[in-house]
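Chain by chain, the residues run as shown.
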Amino acid sequence: MKEFLIGNQIIVKAALSAGAEMMFGYPITPTTEIMSEWAKVSGKKENDKIKFLQAEDEMAAGFGMIGAVLGGKKAFTATSGPGTILMQDPLAMAEAMRLPTVSFIMQRGGPSTGTVIYSQQELVLICHGGNGEGMRIVYAPATLQELYDLGIKAFNAAWQFRFPTFILGDGYLSKMQGEAEIWDPQDKGLELTPATAYLGDPKNPDLIGKLQPAGSFIVKNNWVNLRNCFNLEEEIFQVNNEIKKAFDAVAKKITEHEAYQCETAEKIIFAYGIVAAAVKQALQEGEIKNVGLFRPITLNPFSTETARKIARKAKKIYVLESSLGQFASLVRDNLYGLTVPIYEHGKPGMGFAPAEIEKMLK
Amino acid sequence: MNKSPYPQCWKPETKPPRYCPGCGHLMALRSLGQAIDRLKIADQTIFGVDIGCSLLAWDFFDIDTIQTHHGRTIPVMLGLKMAQGKKVCIAYLGDGGGYAIGAQHLVNSSLRDDPITVILINNANYAMTGGQQAPTTLSDQITETTPYGKMTASLKGPELVRNINPRAFVGRGLAIQIEKTENLIQRAIQHQQEKNGFSFVEILAPCPTNWRLPPLEMKNFMQKMQDNFPIGDF
Amino acid sequence: MNKVNTKILIAGEGGQGIQTIGKILARSAFLQNLRTLYIHNFGVEQRGGVSIAFVQISDAELTYPKFAKADLLIVLSERAVQRSASYIGLKTKIISNSSLIARNLLPANNTIAEIDAANIANKEFAPQIISILVLGAILPFLPQLKKEYVKEAIQNQLDNKFKEKPELKNLNYKALEKGITLIKNPTK
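Residue numbers (our numbering), protein chains in the order written: chain A, 1 to 362; chain B, 1001 to 1234; chain C, 2001 to 2188.
One thing to keep in mind: the hints can contain errors.
[To be verified] Among chain A residues calculated to face chain C with C-beta under 10 Å, some are: (1) T143; (2) I274; (3) V275.
[Stated by the list, open to error] Listed next, the in silico DSS-like pairs over lysine-lysine satisfying Cα-Cα at most 25 Å (straight line): (4) B:K1086 - A:K220; (5) A:K220 - B:K1003; (6) A:K44 - C:K2163.
Hints are computed from structural coordinates only; laboratory data are not their basis. Since the structure is predicted, the reported quantities are computational estimates derived from the model, not experimental observations. Using N, Cα and C, we set each Cβ at its ideal position, and we do this for glycine too.
If we strip away everything but chain A, and leave its shape as in the complex, we get:
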């Protein structure tokens, strides 16, 4: 059913459609409505399985989410800016223990308190924050429809592959109002990955052994003891390599991108999220034929092979982002070795209007 909603409302609908039962959050612009909309749902008497906690800070929100996930419930959080910084504390634990948390990050101006409006300056924090190795699944929606579609996908990916999973959006996506098809997974025959408990009941203790890195768990009968602290260098070396191996194994199954008009293009623009949406609109409205758009849908894992294949044939590469190089670093990293010149154009805290992009290209 097509509905006329703001992004934050779409996030709530996606979570509910995906079978999420708990939200943990802290008020911060631009994500605050997600909490208030969720609270309206969870407060209804007939929704007694749907729970909500406005925690005392983002750390409590993130760790509460971890507790719920350990207890076998699909749980999520939403934050931005300074909240994303605090969230790295729980996210590092989720990363270390491969916990299927889902976080909606709607980027705002940084650094520090910055602005409450819009930016793309939390990419590094989300793809590689905490003190780990970036073993995180990161989806970047470009439209309100993708916010819904990928929102559902995030829960499935998290619980199927067992890595902290993210929807990396921005303040404009949060606050803009437009139409989205709010489809029911049942109608489309989409199976929702079930949640399973690590602690409590009912649990499958054998599953723990298959998921958790060596040395981080003890399973005895129906009792499970879990930790993320180790004693020896060799232990943590092994844990990191194990997690990386598991992540690389699923990367191929998850990686997604959009390549628009790239076959014959001389110039390729790399962009993600709403910036990419503006680029596509510019190419369509301006009828610009010799320029293509490469848009990662998963920022992590990145569609490296396809990106390189496309970039190799181009004469010029542009990287557009609302940051001063966070995305460009990721792009350069993945295109390393290619000799195509790369022009970075970054506007931290500000977006690119389609007309502006058209002008740049003409």
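Given the coordinates of chain A, assemble chains B and C onto it according to the supplied hints.
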């Protein structure tokens, strides 16, 4: 019949325990183990441990256990309780995790009357990292980071919780009084089960390794602790 | 005016109903199965600052909520003129609230329709009805929007208020009609 000298719910494979000789944690964990045995809730309990010496209890029990980040055990146990409402959820912290880095969680959890039980081991220092000052360090106590004494107040946790929450179960015990502390813990757990509300037990614990006091002085210091932090129900 | 994508910017003081106008316009387009996107400006100093609404109405898919230059600019206060200056292009048509904005503050070369919105609202309706009055004045510039959907959108937006005071419904519809009459020649 349990022929072991240990409580039934203690994991035999990880014994003898790794705690220092004379450590208050070992006494408290015995009280906790006995309470769990008496209430027969080993299969109904989820146990969370903080960073520090409480971390050493991650593999201590034949009970579902999670080791969390420093100061974050309370929100994790709350999330677990929300997901597994029929289980008894216990957060096991030290004075650093409970009163410093995790203070806001203790304050807000008691404010919300969260149906979890918090057991806090107060040995007036950050023991695992070598004996730095903690919120409960006494005013003239010498620690690694107060080489000339602390000279400021010491935090009274149960009093704080009682001020925030009039309904909660709040108590302070002495680690060495194993049976009395067991009773305190048992009543705290029963409060969670029956009243679905917040329960908090602080246990005054000796830390011979970091207090670095000869035995007679240890006894005097424990008395000083009791004078500063009165034991009993609140 | 670009037939495919009409970019509308509405700017004024808090309390003049800027976001109400924006929301109703966007919802009207949605109800009519047109593509639309709406966003309001927001930020810490927005309380007490100028309120701005960005609305786009199109036949084709819309994905980006802001734009460089507006096709249609509606300004209701003096501060709003300064704040929205960067969105005025050569082809931007402007509807200005002459009750509060002097003609010489507006660019000389753009098509300008002045409406005495605040005064008319105060005299003939009620001060807060200014938003619906202005909404009416916008409609002649958006021939693709059918009035029935605008009225339905007004109903959706103000439903709670209409339930409390049923007489408001007619008052609002009257204000809408009055607003439409304030524009003599929209295509100029």
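Structure versus earlier hints - violations, ascending order: none
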